[in-house]
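Engineer: Given next are the chains, with one letter for each unit.
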Amino acid sequence: MNPILQVENLKKVYSDGTVALNNINFEVHPGEFIVVIGPSGAGKSTLLRCINRLVEPTSGDVVFKGKKINKIGARQVKQVRREIGMVFQNFNLIDRLSVVNNVLHGRLGYTGTIKGALGLFSKKDIAEAEEILERVGLSKQKYKRADELSGGQMQRVGISRALAQRPRLILADEPIASLDPASSKIIMDHIFTICKEDKITAIVNLHQVDVAMKYATRIIGIKSGEVIFDGQPSHLTKNIIDEIYSNAKQPLVNAQ
Amino acid sequence: MNMIQELKKRKRLQILLLFFFVTGLTIWSAIGTNFSFYEVFSGFGLISNFVFLDLLPPDIAASGTLLEAILETLYMGFVGMVVGALIALVLSFLAASTTTPHPVVQVIVRAFTSIMRNIPGLIWALILVASYGIGVTVGTLSLILGSVGFLTRVFADTLEEIDTGKIEALHATGSSYFQILAQGVFPQFFPGFIAWSLYNLELNIRASTIIGMVGGGGIGFAIQKGIKLFQYKEVSMAIVLVLILILSTEFLTSKIRERII
Amino acid sequence: MSRDGNVYPLNAQESDNEIAIKPKKDLFTRGVFAFGAVFFLFCLYQLNIDYSNLLAGTVDFITMLGEMFPPDVSEWKYVIPAAIESLQVAILGTVIAVVISLVLAFLAAENLAPNNLVASIVKGFATLMRVIPTIIWALIFIVAVGLGPLPGVLAIAVHSLGMLIKVFAQSVEEMDDGKIEALRASGANWIQIIAQGVIPTVVTALLSWTILRLEIDIGESTILGLVGAGGIGWELTRAMRSYDFNAAFFIAMVIFVMIFSVEMLSNRLKLKV
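Same order as they appear, the protein sequences are chains R, E and H.
If you count by my numbering, then the first sequence holds residues 1263 to 1518, one letter each, in order.
If you count by my numbering, then the second sequence holds residues 194 to 454, one letter each, in order.
If you count by my numbering, then the third sequence holds residues -16 to 256, one letter each, in order.
One chain only, chain R, in its complex shape (with noise of 0.2 Å):
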């Protein structure tokens, strides 16, 4: 099987010198649930963000579906994002509008700009949306506004979003890392079964270590920007866990 993504020797260095990322390489196939791990300010938000362009690489190629992705006008980068669904930390969800106009924006790029802009939906798109929404059980919440509703039920509605998108890959950048433990098992059953059954593949940022190693079908650890383990996770040893959070770098305060 062709992989769906390729990393070659990525690089990205940030205006002020940090070196975020350095010398990345690996290969991601369909149908695989990637977890990278590793501790914060390792690289992990700078490398998934590099995948659908929101940062600029410094070198290095990113090839999305066969096609390099580094190098394309703008125009192209919008429609490569259409098809890589992202999750946040913080959800990210706009707060005054309601849940299902949220899950709509990822029909944004498939929608015309004025009608998109004036938020004129197809039904299509609204019965997908509140499909969406049923199989992540938040139909009764569908008409509420997005900030009447829990964290774990705000990240539920991030992956909707996503899930408008019908990605063939999905980014999540510490999904749970905002939630409490009941909600963290939630949001991490769905983002697996959804991927599972639909086919999605997914790269996952955690830095709990015990749940990459509950979900991941593979294992790539981070330190200092560069890749220091990539394999299953009956692989991962406890030493090469130390390996990865020992002497890490850690920022006094915690790098968004």
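In short, the hints are calculated from the structure, not lab data.
One or more of the hints may lead you astray.
[As the list claims (entries may be wrong)] In silico BS3-like cross-links for lysine-lysine, where the CA-CA straight-line distance does not exceed 27 Å:
(1) H:LYS149 <-> E:LYS448
(2) E:LYS201 <-> H:LYS149
(3) R:LYS1402 <-> R:LYS1340
(4) R:LYS1406 <-> E:LYS448
(5) H:LYS60 <-> E:LYS204
[What the hints assert, rightly or not] Negatives, chain E to chain H, calculated, CB over 10 Å:
(6) GLU199
(7) LEU200
(8) LEU209
(9) GLY225
(10) PHE245
(11) ASP252
(12) ILE253
(13) TYR370
(14) GLN424
(15) ILE439
All values derive from a computational prediction rather than experimental measurement.
Note that CB positions come from ideal geometry on N, CA and C, so glycine has one too.
Position chains E and H relative to chain R; hints supplied.
Structural biologist: The following block gives chains E and H in isolation, referenced to the frame of chain R:
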């Protein structure tokens, strides 16, 4: 321990310096303006004579003609707010660092609106009267200028405070620039837009009560005329109407603010 | 809760008797907007603006702006002292207002006032002072003490006093009641409570309101001259009345620079506080 004491000492010194600076500034101002408590207190008798004999009681019979003037004041303030808010809405998107199409545009719009904002409405009216002649046109235009200046700044500040993570999330779905403005930026901006516009209405009503003094129409014109003709009881009736208008505007805007936001 | 490994049921926490009700569209907001639009048209109709005059006036205005160049700086010997006088009027007026309001605000704050009657009386006076515009106060004081900067100082002091009592009292009312209670429990008297408990808590808020008020007052002091209460406004009125546009432009520039630099300065101070 030593460092803490040192810091405390420095802080105390700073406060002392500030205190002397303010006192010095005050004394300098008092000398410059020939301020004397003697004159203030000897003026008390005159003021109370003036207030109780000349101003009070308000001439209720005059309220008919004054009502027209106070309504004109309200109309000018409201039109100034609506037109000002619409213009400022467009300008603020150009003036906010988060939404501006180009930094040069941002600097130009900010400079332009800063001139509008930093010249008081009454002075705009004084300048505009020379071109437009006495009347409500001058009053309305100077209120629009002031509103555009004020609202562009506060709208732009509101836009700059918007949560960029939410905008990033919409970028990630492949949305276009205008879709992100309308679906991501505007809903976050809306409460600020309403609150500041309503506050601007309050400012405009205040400003339009006095803009008439230099020929901008409305109740200010009536007050000025009353003073020139020594019709002080009419003046105090006008002041009562100003009071009612300002207080009821404040009441209404605060109710609307509570409900919408 | 589900057992480990079993990923369903996922939506256990929602109760089933809750139904999604499509909310009524926000009628209030729509109503306000609809009313606003209608009222706007009504206002335009009532104002009865002469649009041909608007056009002709704009042409005149642009011509006048052209004529204003270059600014005539020859009168600077009168203009600069007048600008300084405006500044002094604003500073003195604000200082007087701050000092008096510091006392009265504590009487107006409901959580500190000796009794509610005192609080309402002080608040009522404050409303009266703040609602009447500065320039009308100036007109009243001119009748009493004559022309010059003095009525300007008094007008600014009275109007600012009204606003400062209101906002200072609000800042005090917003503070945590527990702190006052704790001091009261320790046997502190009214003055001690204010000095030791209230002032340290609200001092930052008071400072930023004072700075804001000074900023407003400097703007106000530039216009007081229009009615003869001293300062640079008088110079501008004179220049405009004698159609000396070049001098007027210079004076307007000075006013702009004054207010603009105060805005810059207060932005700096706000960042520090």
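Engineer: Do the alpha carbons of R:LYS1406 and E:LYS448 lie within 27 Å of each other, as the hint requires?
Structural biologist: Roughly 24 Å separates the two Cα atoms, so the pair holds.
Engineer: Beyond 10 Å from every chain H Cβ: check whether that's true for E:GLN424.
Structural biologist: 13 Å, holds
Engineer: Please work out if H:LYS60 and E:LYS204 have their alpha carbons no farther apart than 27 Å.
Structural biologist: 41 Å, violated
Engineer: So if I understand the rule, the pair passes when the alpha-carbon distance is 27 Å or less; does H:LYS149 with E:LYS448 pass?
Structural biologist: 19 Å, holds
Engineer: Once the closest CB in chain H is found, is it more than 10 Å from E:ILE439?
Structural biologist: 5 Å, violated
Engineer: Is the claim that E:GLU199 lies outside the interface with chain H correct, judged by CB distances over 10 Å?
Structural biologist: The assertion about E:GLU199 holds, with a minimum of 20 Å to chain H.
Engineer: Over 10 Å from every CB of chain H: does E:ASP252 meet that, or does the non-interface label fail?
Structural biologist: 16 Å, holds
Engineer: Compute the least Cβ-Cβ separation between E:TYR370 and chain H, then decide whether it is above 10 Å.
Structural biologist: 26 Å, holds
Engineer: Report holds if the minimum CB distance from E:LEU209 to chain H is greater than 10 Å, and violated otherwise.
Structural biologist: 16 Å, holds
Engineer: Over 10 Å to the closest beta carbon of chain H is the bar; see if E:PHE245 clears it.
Structural biologist: 12 Å, holds
Engineer: Does the claim that E:ILE253 lies off the interface hold, with its Cβ farther than 10 Å from every Cβ of chain H?
Structural biologist: The claim holds: E:ILE253 sits with its nearest Cβ about 19 Å from chain H, beyond 10 Å.
Engineer: Would you assess whether E:GLY225, listed as outside the interface, keeps its beta-carbon beyond 10 Å of every beta-carbon in chain H?
Structural biologist: 4 Å, violated
Violated hints, listed in ascending order, are 2, 3, 5, 9, 15; each of the other numbered hints is respected by the structure.
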